[in-house]
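Student: Going by the working numbering, the sequence shown opens with residue 20, and the numbers climb by one from there.
Among the clues, some could well be false.
[To be verified] Below, in silico cross-link-like pairs of lysine-lysine (BS3-like), each with a Cα-Cα straight-line distance of 25 Å or less: (1) K65 with K129; (2) K156 with K223; (3) K65 with K160; (4) K62 with K133; (5) K129 with K62; (6) K156 with K62; (7) K189 with K129; (8) K62 with K197; (9) K62 with K73; (10) K189 with K133; (11) K129 with K195; (12) K160 with K133; (13) K197 with K65; (14) K129 with K197; (15) K195 with K133; (16) K223 with K133; (17) K65 with K156.
The hints are simulated quantities; they were obtained by calculation from the structure and are not laboratory data.
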Amino acid sequence: MPSFRLIPREERFFDLFVEDAANVVDGARQLETMLRTFDNPDKAAKRIRETEHKGDEISHDIGRRLEQSFVTPFDREEIHALISGLDDVLDLIEEVADTFVLYHIDAPTKTSIKQAALIVQCCETLHEALSNLRGFKDLDKFVIEVHRLENEGDRLARSAIASLFDDGAKAMEVLKWKDIYSLLEDTIDKCEDVAQMIERIVVKHA
């Protein structure tokens with residue numbers, strides 16, 4: 020006998036998750052473009068802040084729907100955690116952009132550009148995962164890919180920070196770049212946190 024629900028769950032949430040993730044991808048791509056060109060970092064950082072504000076609006080929309088919906092696609096706490104995780108990724112992207120401006124960085128390093136590219140790949144993978152979340156299956160490959168990217172980012176950050184002390188850079192420059200490399204790595208770590216949230220949701224509800 021086919022299964023059915025007496026009360027249909029609110030499917031619109033899945034579309035909003037995808038919309039939220041797509042906005043995070045936009046922010047990540049804007050950061051990578053900012054670092055690759057670096058012709059007007061102030062303007063680029065402002066644009067990223069606008070993208071972050073758009074993310075806040077999407078999150079608030081999801082929060083309102085959560086309050087009004089009797090049946091949700093999965094636990095309310097899990098929805099809150101998922102949206103908060105995506106918000107955190109975008110907040111960190113914004114913080115990275117602002118830090119480049121506040122620290123008066125003359126030019127990004129090759130490592131920081133590589134880290135930004137990894138963030139884009141992580142966010143794109145999360146977007147793909149959430150685009151396929153509705154069925155609660157076959158999402159392992161996305162989680163594995165984000166984990167692989169996080170490992171790559173971790174190795175990149177450790178090497179870059181170690182090289183700061185090998186190169187004999189001025190103390191202030193060491194501190195600035197250590198902060199930047201760490202923030203970029205924190206962003207990748209947060210992407211992995213979101214991937215793990217998705218994994219837990221799938222395991223629980225598949």
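Student: So, for every hint listed, does it hold in this structure?
Tutor: Quick rundown of the hints versus the structure:
1. The hinted pair formed by K65 and K129 meets the criterion: a straight-line CA distance of about 23 Å does not exceed 25 Å.
2. For the given pair, K156 sits about 11 Å from K223 by alpha-carbon distance, which is consistent with the 25 Å threshold.
3. Straight-line distance between C-alpha atoms of K65 and K160 comes to about 34 Å, which puts the hinted pair past the 25 Å bound.
4. About 21 Å separates the Cα atoms of K62 and K133, which keeps this hinted pair within 25 Å; it holds.
5. With a C-alpha separation of about 21 Å, the suggested pair K129 and K62 falls inside the 25 Å cut-off, and the hint holds.
6. The hinted pair formed by K156 and K62 fails the criterion: a straight-line CA distance of about 41 Å is larger than 25 Å.
7. About 19 Å separates the Cα atoms of K189 and K129, which keeps this hinted pair within 25 Å; it holds.
8. With a CA separation close to 24 Å, the supplied pair K62 and K197 stays within the 25 Å bound.
9. In summary, the hint linking K62 to K73 is supported, as the alpha carbons are separated by about 17 Å, within the 25 Å threshold.
10. With a C-alpha separation of about 23 Å, the suggested pair K189 and K133 falls inside the 25 Å cut-off, and the hint holds.
11. Annotation: proposed proximity of K129 to K195 holds, straight-line Cα distance about 15 Å (limit 25 Å).
12. Taking the CA atoms of K160 and K133, the gap is about 22 Å. The hint holds against a cut of 25 Å.
13. Our distance criterion of 25 Å between C-alpha atoms is met by K197 and K65, whose separation comes to about 23 Å.
14. Using a Cα cut-off of 25 Å, the hinted pair K129 and K197 holds, with the two alpha carbons roughly 14 Å apart.
15. For the given pair, K195 sits about 18 Å from K133 by alpha-carbon distance, which is consistent with the 25 Å threshold.
16. Between K223 and K133, the direct Cα distance comes to roughly 35 Å. Violation of the 25 Å bound is thereby established for this hinted pair.
17. Of the supplied pair hints, the one linking K65 and K156 is violated, its CA atoms being roughly 38 Å apart against a limit of 25 Å.
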